[in-house]
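Asks: With the working numbering, the residue at position 33 of the sequence shown is 33, and numbering never jumps.
Wrong hints could be hidden among the right ones.
Listed below are the simulated DSSO-like cross-link pairs for lysine-lysine, each with C-alpha atoms no more than 30 Å apart in a straight line [what the hints assert, rightly or not]: (1) K118 with K95; (2) K118 with K87; (3) K147 with K133; (4) K147 with K59; (5) K147 with K41; (6) K87 with K59; (7) K59 with K101.
Bear in mind the hints are in silico, worked out from the structure with no lab data behind them.
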Amino acid sequence: MFNSSNETPFDSGDYYQNTFKSTSNDLLTHMGNTNFIEEAKLAIGDIGSCVQSSSLSTKLNDYNQSSTVYLNIRSTDNKEYCLELSKHGYRVVGKNFDDNKCPSPTYYESLQALFTQKNQSYIQSFADNLRAKLNEELENEKQEELKEK
1 MFNSSNETPF DSGDYYQNTF KSTSNDLLTH MGNTNFIEEA KLAIGDIGSC
51 VQSSSLSTKL NDYNQSSTVY LNIRSTDNKE YCLELSKHGY RVVGKNFDDN
101 KCPSPTYYES LQALFTQKNQ SYIQSFADNL RAKLNEELEN EKQEELKEK
């Protein structure tokens, strides 16, 4: 991970803070002219199993101008979030779907980082999903060992 102001690696002492949130004004500048709508769709796919629902806002997004994209996400504990993705990163802009009237000053590098800081149910869902995948992998390995014998 790089500090966008001078493109040098972060000090390890700042690793946790800089991994999970950033207030940099050009956090995602390295993405260049990336289509933020496509980036938002990929991010929604990444967190899909750890939230109740997620979608692009149908009211706030201007598909002719994709430098800012809005997402609606409902956590597993039924909290609604309206999030913004821009070159600065992800941030909460509202506590209801399609509401961008309460923008947070804090930007995050990823949806995972944002929800790790903002929502305990996301952390629990992530841990449960990881545990299930690891157990499935362990079971598959056991089955393979039995086949080899």
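Asks: Determine for every hint whether it applies to the structure shown.
Replies: Outcome of the hint check:
Among the hinted pairs, K118 with K95 is consistent with the structure: their alpha-carbon atoms are about 12 Å apart, no more than 30 Å. For the hint linking K118 to K87, the alpha-carbon distance of about 21 Å falls within 30 Å, and the restraint holds. A hinted pair counts as satisfied when its Cα atoms are at most 30 Å apart, and K147 with K133 qualifies at roughly 21 Å. Of the supplied pair hints, the one linking K147 and K59 is violated, its CA atoms being roughly 54 Å apart against a limit of 30 Å.
Between K147 and K41 the CA atoms are separated by roughly 40 Å; this puts the pair beyond 30 Å, and the hint is violated. Note on K87 and K59: the hinted pairing holds, with a Cα-Cα distance of about 21 Å set against a maximum of 30 Å. At most 30 Å may separate the alpha-carbon atoms for a hinted pair to count; K59 and K101 meet this at roughly 13 Å.
Checked against the numbered hints given earlier, this structure breaks hints 4 and 5; the rest are met.
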